[in-house]
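**Student:** Please construct the entire structure, taking both the sequences and the accompanying hints into account.
Number of protein chains: 2
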Amino acid sequence: MDNFNFYSPTQFIFGSEREKEAGKYTKRFGGTRVLIHYGSGSVIKSGLLDRVKKSLSEAGVWFTELGGVVPNPRSGLVYSGVELCKRENIDFILAVGGGSVIDSAKAIALGAVYEGDFWDFYCGKRIEKALPVATILTLTAAGSEGSMGTVITHENGMLKRAANHDVLRPAFSILNPELTCSLPPFQTACGAIDMMAHVMERYFTNTKNVEISDRLAEGIMLTIINEAPKAMTDPNDYDARANLMWAGMVAHNDTCGVGRESDWSSHQMEHELSGLYDVAHGAGLAVMFPAWMKYVMHHDLMRFAQFAVRVWGCEMDFQNSEKTALQGIQRYEQFATSIGMPIRFAELGAKAEDIPLLVKTLGLGEQTMGSFVKLTSDDVRKIYELAV
Amino acid sequence: MDNFNFYSPTQFIFGSEREKEAGKYTKRFGGTRVLIHYGSGSVIKSGLLDRVKKSLSEAGVWFTELGGVVPNPRSGLVYSGVELCKRENIDFILAVGGGSVIDSAKAIALGAVYEGDFWDFYCGKRIEKALPVATILTLTAAGSEGSMGTVITHENGMLKRAANHDVLRPAFSILNPELTCSLPPFQTACGAIDMMAHVMERYFTNTKNVEISDRLAEGIMLTIINEAPKAMTDPNDYDARANLMWAGMVAHNDTCGVGRESDWSSHQMEHELSGLYDVAHGAGLAVMFPAWMKYVMHHDLMRFAQFAVRVWGCEMDFQNSEKTALQGIQRYEQFATSIGMPIRFAELGAKAEDIPLLVKTLGLGEQTMGSFVKLTSDDVRKIYELAV
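Chains as they are written, first to last, in the working numbering: chain A, 1033 to 1420; chain B, 1033 to 1420.
Derived by calculation from the structure, the hints in this document are not laboratory data. Be a bit skeptical, because a hint or two may be false.
[Said to hold, decoys possible] Reference excerpt, derived from the structure (chain A facing chain B, CB under 8 Å, subset only):
id	residue
1	Asn1035
2	Phe1044
3	Leu1248
4	Thr1255
5	Ala1274
[As the list claims (entries may be wrong)] Listed next, with one range per pair, are the computed distances between beta-carbon atoms:
id	chain 1	residue 1	chain 2	residue 2	range
6	B	Phe1061	A	Gly1073	38 to 46 Å
7	B	Ser1078	A	Thr1393	48 to 56 Å
8	B	Asn1121	A	Asp1149	42 to 50 Å
9	B	Glu1115	A	Gly1148	49 to 57 Å
10	A	Glu1049	B	Gly1108	45 to 53 Å
11	B	Cys1213	A	Val1199	34 to 42 Å
12	B	Gln1362	A	Val1199	47 to 55 Å
13	A	Cys1213	B	Glu1115	54 to 62 Å
14	A	Glu1049	B	Lys1077	50 to 58 Å
15	B	Ser1370	A	Glu1417	50 to 58 Å
16	B	Asn1121	A	Ile1076	52 to 60 Å
[What the hints assert, rightly or not] These stretches of chain B come out as covered by chain A in the derived footprint (C-beta under 8 Å, 3 or more residues):
id	segment
17	1034–1041
18	1056–1066
19	1251–1262
20	1279–1292
Each residue gets a CB set at the ideal place from its N, CA and C atoms; glycine is no exception.
**Tutor:** Quick look at the structure:
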């Protein structure tokens, strides 16, 4: 097992109607002048935004608001948010929404306490501080409610880049599964695939003998596989929504990733897809992951066999571990298809002729990416081709 | 799933030689006048205490020390520690040892900022504050390095009582698996049983449909079952020690307990055993858990069948779920025996004729305890009898 630090200081406030406590916790964590950040009108229509404002008012906390975050959140709104924070002396950001809203809030939190361009931190500048961010989650997928990460797309060139630091872990996150019951099936499925991907990026590793992380990862995947179809069949199944919501958090706060190398090349390849076509992140991952798995499986057949047996319940073929490994990948594809996810370029609206552009925008040049198998630009091209 | 809060803000610093960073992290978390708290001479003999002092000195942090904590830590030393903290204006306690040392440190941390008797908090007084505690763990078992709990035995009557609060979660915990390689087999086995018990107290619940906590709990148990025998066979197996060390933390920081009722009656019954006979906590649990399981299994046979199938790999007998359930309990007993743990009173040195005394000291009177099955004094007596 590798040495590691694990730090997940977020206070999680989970369950029915917990958003009513937003004011109490904002105050407890030091918020006095709050920016409420959100996306489309759905949080207005549902009455959620009003409930949150009421809770803040009752706690005597001043607030202003900034809506309009879109999926694959953009730099433009972040710049507006940073300016608003500086003008209004904001000391706390409350993100009400899904991963995009939270990621946008984290970007604003970085920019609000920095003289330069917030985008610097997405280009590798070392992060030192940020305004505290808290979240009220409405979409189970990205795991940003417990993670140290944020992903933003810069409108100049549509570059999608990530920044990571412990100061970006939310002060508190309110997770009410009821808020996710209104999610359409497509978004529910995208969320499930995104969560699976967060676990799988950590699961396929070269680090040996990290039994505890393996077992926790398998437990989270089994939960997603069992619970997602329930939420697809009955959107109001509270327990299914609750299990998915908590699985989404532990899938990405590093609970199942400690002590090992993780990969993330499927995510990077997907970022180029959603950057170019503006497709849903989960849908892009459903396409890229099987292609990546097929390309790298021979690097460690037994790891893929373990995935097939423990996660998908395949029977081990002791005379042909490759067959078992492949079966696991097929079962993943069947699962994705069964919840309405694409698994090939055409279903996504992506085009084979764009592959050279995707490879170029990813910008590896002579470098490699990933850690399970270090991928060159040529490998990346072949993986995109496998996804066609 | 029940509503819950989950808050585990401890910074975990895991891996080889990480104790060298004790000074850096103490300073980062605000410690300026530190009490180093430890147990027997083993941390002196091994050179660990010297390494820790060196690290603190290099960071420019002042410290004093208090050793002498015994297993099932006593109130007497806590009173000395509280007095020392007040006299020396201590602002940070660094526990170097296992669960007993950490629990003793937490008790001192409560008493140091309180005018009255620290024992008040172990008799139900509401906790509001405590000095920050950090830990350098040398024994994988109690989970106190990540938990909100502390258990102390008062020398007046040998009463063993617990106190719990979020302020008792350590600021940071340094977990170096190498420090556990010198543990004798008996203590290694006691640790494994204690960790299993922390998971099982949460696993046997009446709350339905908490798939995520079930799966995480099963993952932790499978890890302990696979890794403990490796550490018994080769005490210097770093990866086995590392897996056990992290499993011990997640077993008790509530990662696998969220959203559900937990039980804790086996722990309470064991506390009376170790209070009366001063036996190792893990050994007492190895005796009490099978007795409790046999007594309550008919309350939810399918839960015990799930335990047997998913954790112990038993084949489900679809015509006789009771048989499967019982098989799981037998497998637990076989596991305990295989690592040298007692499973009956006699092996522990406990006596059947003391059962009335044990029941009386537990002090239920007309009340009940536990939640999976609410136990009366009469139930408790019968469970002790099953353990004979």
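**Student:** Indicate, hint by hint, whether the structure satisfies it.
**Tutor:** Going down the list of hints, with the structure as the test:
The restraint placing A/Asn1035 at the interface with chain B holds, with a minimum CB-CB distance near 3 Å, inside the 8 Å limit. Interface hint status for A/Phe1044: upheld, as the beta-carbon distance to the closest one in chain B is roughly 4 Å, under 8 Å. Given hint, A/Leu1248 at the interface with chain B, holds; its Cβ is 5 Å from that chain's nearest Cβ, closer than 8 Å. For A/Thr1255, the shortest C-beta to C-beta distance to chain B is roughly 5 Å, which falls under 8 Å, so the interface hint holds.
A hinted interface residue such as A/Ala1274 counts as satisfied when its beta carbon comes closer than 8 Å to some beta carbon of chain B; here the least separation is about 4 Å, so the hint holds. At about 44 Å, the CB distance of B/Phe1061 to A/Gly1073 agrees with the hint of 38 to 46 Å. Under the hint 48 to 56 Å, the C-beta atoms of B/Ser1078 and A/Thr1393, about 55 Å apart, fit the expected range. Checking the proposed 42 to 50 Å range against B/Asn1121 and A/Asp1149 shows it holds: the Cβ atoms sit about 46 Å from each other.
Between B/Glu1115 and A/Gly1148, the C-beta spacing of about 53 Å keeps the proposed range 49 to 57 Å intact. With their beta carbons about 47 Å apart, A/Glu1049 and B/Gly1108 fall inside the hinted range of 45 to 53 Å. Distance hint check: the CB atoms of B/Cys1213 and A/Val1199 are about 35 Å apart, consistent with the given range 34 to 42 Å. Between B/Gln1362 and A/Val1199 the C-beta distance comes to about 51 Å, which sits within the given range of 47 to 55 Å.
A hinted range of 54 to 62 Å for the beta carbons of A/Cys1213 and B/Glu1115 is consistent with their spacing of about 56 Å. Under the hint 50 to 58 Å, the C-beta atoms of A/Glu1049 and B/Lys1077, about 56 Å apart, fit the expected range. Taking the beta carbon of each, B/Ser1370 and A/Glu1417 are about 52 Å apart, inside 50 to 58 Å as hinted. The hinted range of 52 to 60 Å is satisfied by B/Asn1121 and A/Ile1076, whose Cβ atoms lie roughly 53 Å apart.
Residue count for the segment 1034–1041 of chain B with a Cβ under 8 Å from a Cβ of chain A: 8. That meets the three needed, and the coverage hint holds. Under the rule that three or more residues need a Cβ within less than 8 Å of chain A, the assignment of the segment 1056–1066 of chain B is violated, with 0 such residues. Counting residues of the segment 1251–1262 of chain B whose beta carbon lies closer than 8 Å to any beta carbon of chain A gives 6, which reaches the threshold of three, so the coverage claim holds. For the segment 1279–1292 of chain B, the stated coverage by chain A holds: 5 residues have a C-beta nearer than 8 Å to a C-beta of that chain, and at least 3 were required.
In the structure shown, a violation is registered for the earlier hint numbered 18 alone.
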